[in-house]
Amino acid sequence: MKRSLFGRIWPNATAVVLFVGFVFPVYWMFATAFKPTGDIITENPVWFPTHFTFGHFDKAVHADHFWTLVANSVTVTLCSVLLSLVIALFAAFALARMRFKGRRGFIVTFMLAQMAPWEVMIIAIYMIVRDSDMLDSLVPLTVFYAMMVLPLTVLTLRGYIAAVPKELEESAMVDGCTRLQAFRKVIFPLLAPGLMATSLFGFITAWNEFPLVLILNKDIEKQTLPLWLSQFQTAFGDDWGATMAASSLFALPILILFIFLQRKAVSGLTDGAVKG
Amino acid sequence: MSVQTEGTDTAGGPAVREGRAPAPPRGADRASRSPAGRPAAAPYLLLLPALLATLVLLGWPLVKNGMLSFQNLNPRQLIQHLTEWNGFHNYQQVLTGPDFWKVVERSVLFTAANVVLIMLFGTLIGLLLARLGKKMRLTLLVGLVLAWAMPVIAATTVYQWLFAQRFGVVNWVLDKLGWHSMADYNWMGSQFSTFSVIVLLIVWQSIPFVAINLYAATTTIPKELYEAASLDGAGAWQSFTFVTLPFLRPFLYSTTFLEVIWVFKAFPQVFAMNEGGPDRLTETLPIYAYVEGVGNQHFGVGAAISFLTILVLLVITSYYLRMVLKQEEDEL
Numbered sequence: 001m002k003r004s005l006f007g008r009i010w011p012n013a014t015a016v017v018l019f020v021g022f023v024f025p026v027y028w029m030f031a032t033a034f035k036p037t038g039d040i041i042t043e044n045p046v047w048f049p050t051h052f053t054f055g056h057f058d059k060a061v062h063a064d065h066f067w068t069l070v071a072n073s074v075t076v077t078l079c080s081v082l083l084s085l086v087i088a089l090f091a092a093f094a095l096a097r098m099r100f101k102g103r104r105g106f107i108v109t110f111m112l113a114q115m116a117p118w119e120v121m122i123i124a125i126y127m128i129v130r131d132s133d134m135l136d137s138l139v140p141l142t143v144f145y146a147m148m149v150l151p152l153t154v155l156t157l158r159g160y161i162a163a164v165p166k167e168l169e170e171s172a173m174v175d176g177c178t179r180l181q182a183f184r185k186v187i188f189p190l191l192a193p194g195l196m197a198t199s200l201f202g203f204i205t206a207w208n209e210f211p212l213v214l215i216l217n218k219d220i221e222k223q224t225l226p227l228w229l230s231q232f233q234t235a236f237g238d239d240w241g242a243t244m245a246a247s248s249l250f251a252l253p254i255l256i257l258f259i260f261l262q263r264k265a266v267s268g269l270t271d272g273a274v275k276g
Numbered sequence: 001m002s003v004q005t006e007g008t009d010t011a012g013g014p015a016v017r018e019g020r021a022p023a024p025p026r027g028a029d030r031a032s033r034s035p036a037g038r039p040a041a042a043p044y045l046l047l048l049p050a051l052l053a054t055l056v057l058l059g060w061p062l063v064k065n066g067m068l069s070f071q072n073l074n075p076r077q078l079i080q081h082l083t084e085w086n087g088f089h090n091y092q093q094v095l096t097g098p099d100f101w102k103v104v105e106r107s108v109l110f111t112a113a114n115v116v117l118i119m120l121f122g123t124l125i126g127l128l129l130a131r132l133g134k135k136m137r138l139t140l141l142v143g144l145v146l147a148w149a150m151p152v153i154a155a156t157t158v159y160q161w162l163f164a165q166r167f168g169v170v171n172w173v174l175d176k177l178g179w180h181s182m183a184d185y186n187w188m189g190s191q192f193s194t195f196s197v198i199v200l201l202i203v204w205q206s207i208p209f210v211a212i213n214l215y216a217a218t219t220t221i222p223k224e225l226y227e228a229a230s231l232d233g234a235g236a237w238q239s240f241t242f243v244t245l246p247f248l249r250p251f252l253y254s255t256t257f258l259e260v261i262w263v264f265k266a267f268p269q270v271f272a273m274n275e276g277g278p279d280r281l282t283e284t285l286p287i288y289a290y291v292e293g294v295g296n297q298h299f300g301v302g303a304a305i306s307f308l309t310i311l312v313l314l315v316i317t318s319y320y321l322r323m324v325l326k327q328e329e330d331e332l
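Here the protein sequences line up with chains A and B, keeping their order. Here full-length UniProt numbering is used: position 112 in the first sequence is 112, and no number is missing along the way. Here full-length UniProt numbering is used: position 75 in the second sequence is 75, and no number is missing along the way.
FYI, nobody ran anything at the bench for these hints, they're computed from the structure. Don't take each hint at face value.
[Said to hold, decoys possible] Below, computed lysine-lysine pairings styled on BS3-like, alpha-carbon distance capped at 27 Å:
#1 B:LYS64 - A:LYS218
#2 A:LYS222 - B:LYS64
#3 A:LYS59 - A:LYS222
#4 B:LYS134 - B:LYS223
#5 A:LYS218 - A:LYS59
#6 B:LYS326 - A:LYS101
#7 B:LYS223 - B:LYS135
Note that the coordinates shown come from a computational prediction; the quantities given were computed from them, not determined experimentally.
One chain only, chain B, in its complex shape (with noise of 0.2 Å):
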């Protein structure tokens, strides 16, 4: 038995060889009002159980977390399976409390230094290996590899060790330089020194994955476009701004949003680094949320902590989504 697809319909139109296939203008109820009656069903059947997957495995922990948050939910409710409606009040503890705000803040700042560092550096990698011979553009591809590649706890053991106080590689070489006061130095003692082993850990991790798109993105610019620019007189610089950045434009707004919510919601780095310590100076929402929630067994709290979390995430993502759709408004 076979169903009405783009497929059938167009069998007898001219073989066109490309990726995607062109949709020509026409509306779904066109698709509906088949010529043999076949079933329309069809296309919902084979999207039944990812909808369902979807709905029951992402939709209902959504909910879910939206109802705790609205409930009195503390160890002795817990095992004792109550349940306690108190309406607003985690939503005024948490955000009347002394320490959301601060979290907010910090959040946003290491998010942005984040963001900041890994645009700025993928970018510059990128336009380097555009830049670069074939031999050496192999072997730093490589290298960028494996760093992408890298299991991210592995990744942060192998920095634990790297800036260990004793022993670690990293406080010999500064101390080498003549940094002697770093010779011993606790890096996980201090808020900021901690938030610098982990800023440089996810940079590391995330700037191949800009750096190889980006210089994947460059190879698709047309050489024409360059020669066409240095007949009209441009230098490097100007053939730089007219050609090379109104092509990559699309891709690095994109890629900004999406490292924007990746860093955003990152746990593992955080919490294996030094569960968010030194006093809980290094918890950043998600972290915040756990052990809130989880640690101090405050379960309606942490929900409360996780639904604004999510709705920052979603304000941000809403903005970013609408930019895809633009973008991709034919292909859809």
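Isolated chain A, as found in the complex (with noise of 0.2 Å):
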């Protein structure tokens, strides 16, 4: 089919106009977070910042509880996230290989339950936790956290056990494998590109979570990073360089989990475990 010249060029210019569009409050991000003040403070921006600091990313390490703050992070989302695969891996298995009365019924459940409003819940689940003392603390973020994935990651790794080849863990039973070391040796390793991907949600979940932590935690001591990053304009007056290094450093894991894992996931998928 011949294309007019114009029918060629604008699909191309307007993929241009909208990369630009999505990229440019990211890359305005990481611009601001290594501009020095007087770039950033100014009439004219600086499109293209030829002197770089790490002056801000300086100051928003050392801001107060900044340490702290990451831990609690990094510690209520791998926990959660393990949390979640662990329980969703038995419940997913039972899902995908095994027939039994009331199966529809579960996995209805789960979709339900995957689409819980948690946003307006935070106030029953305030009640709860303050009535159980346990207000300040990680563990109900934790535990609270792996139920808002939980069955999404049932739902995926439902799909991903399902579409390993029941004969690979057949013929491993055939060869005298019990049904849970066919499991171990066979479907596991295969599932971990799943387990993956998988865990990429959870990961952003976890670490984006904002609303429940706010209600929950008011000793800074026990919050997490969204809430600091939220409040971390109002702290530092209108030092957009520092607040911008914050932002960077917040979201910069999501980032590179998400190209990162996301490639793998696929790629992993694709290989395919049986080839012949």
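Join these two chains into a complex; the hints should help.
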């Protein structure tokens, strides 16, 4: 099919404009974080910085409680993701490989649970956590974050387990493996990409969660990074350099994880487990 | 020890290499009367932790929320751990109050504006991706993924900086484009401008999901269909409406519902941007419940608002769920 010059140019031109539009906020965050204050507070924006400084990062990292909050965020995120993966693995295996009464009902339950409006349940959760004397603790955060990602983890893992050919498992069992061994030695290694892709979602959810920590943990020592970041600008006046440095530090792990894991998860799947 | 499963059931059957296990038509009772009398409890035991967690961590808060909404729960009752039931008083107060319906209307309009923009531009960009050359497509995909992966609170902070009154880059551009009154414009100063920034933020973050998935969906359309259409003399527009669109319709429906649910309960973007200000004019339902319940310490009233919000979401969700179930009838 022949296309006119205009017909060939406009899609590319639009794509360039869109690319700039989508990338600019991310670019501007990093650019501002590295610019000397003189290039930030200026009547004419410096689009392409030529002078760089780590001063803003220095300030963000040395802000009160920064490392405590990093430790809190990392702990809560890792623990909740692990917890939900373990619980989900059992459930997903049953849903993918076994036939039993009520299976469909369970799947629907998880589909419904996946859409739970956590944002409007925070008052009830606050009362429950307070009545169990667990305010200002990382435990309820971990447990509830794990629950937030559990339904989707179950449903996606179920897909990944179903995608592992049954014959692999069966031949392992013919060769004398028990069901458990077959799972551990055959299915589990093949699930690795699926586990990674699934945990990516958990990481993002737990790392970003805001409303629950806002209401539960008033003690700064027990808060997490999103809360800190949302109050950073107020705490530091209009120090946009430091604010953007803080944002960059917060966003970087997720950006890296996203790009790295997305590719890995996809390639792992397409490589395929059974080649001949 | 092994358990009766679908796997061993079909062990003698031909080796089909398929993504999903094809389920032969049979009743669930056949599975439970397993030949060797093996425990039919295994799947339930495996499901137990997940179900227990769901019951305690999701079910109980929902029930608790319902109970709280029938209580008079202000700072005094909270501190002294008193339980004072007051029937439907909270609901009466909320539903007859001056604010609630205004907030509902605002939330609905807010959701509609966001979803329309997300779906419209998401679809257009998805179709554009399908049309681009390989290099350009990869470039745009990278841009989309970056916006998608950006953590919500970080993105909100960046938008605050982009739209900052002093030295914000948006005001500078608008000024240079000739709109000089925008040079020192305070975006957080009015309801409409604050909402504009929030909508832009949410749309920017949500488009990648729609666009990338829609592009992925277009790649599954068999090429022969287009060939057949063009043999039958269909133009570009006709092959779009008769081939592309019918293929994408189920995807578009389900994505629209998901976006409605996501946007309706969006909390961090709206709250972190301006805390529902100015003058509480940008409070959507979740923020309203939080400010009334926690901010003003009327926990019972807040719970009633939450419950009403959940009710609205449940109506939307049930419709969506029915659709999904119909689609996946065979798969489940």
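The hints, checked one at a time:
{"no.": "1", "hint": "B:LYS64 - A:LYS218", "verdict": "holds, 22 Å"}
{"no.": "2", "hint": "A:LYS222 - B:LYS64", "verdict": "holds, 25 Å"}
{"no.": "3", "hint": "A:LYS59 - A:LYS222", "verdict": "holds, 21 Å"}
{"no.": "4", "hint": "B:LYS134 - B:LYS223", "verdict": "holds, 18 Å"}
{"no.": "5", "hint": "A:LYS218 - A:LYS59", "verdict": "holds, 24 Å"}
{"no.": "6", "hint": "B:LYS326 - A:LYS101", "verdict": "holds, 20 Å"}
{"no.": "7", "hint": "B:LYS223 - B:LYS135", "verdict": "holds, 21 Å"}
Violated hints are absent here; each numbered hint is respected by the structure.
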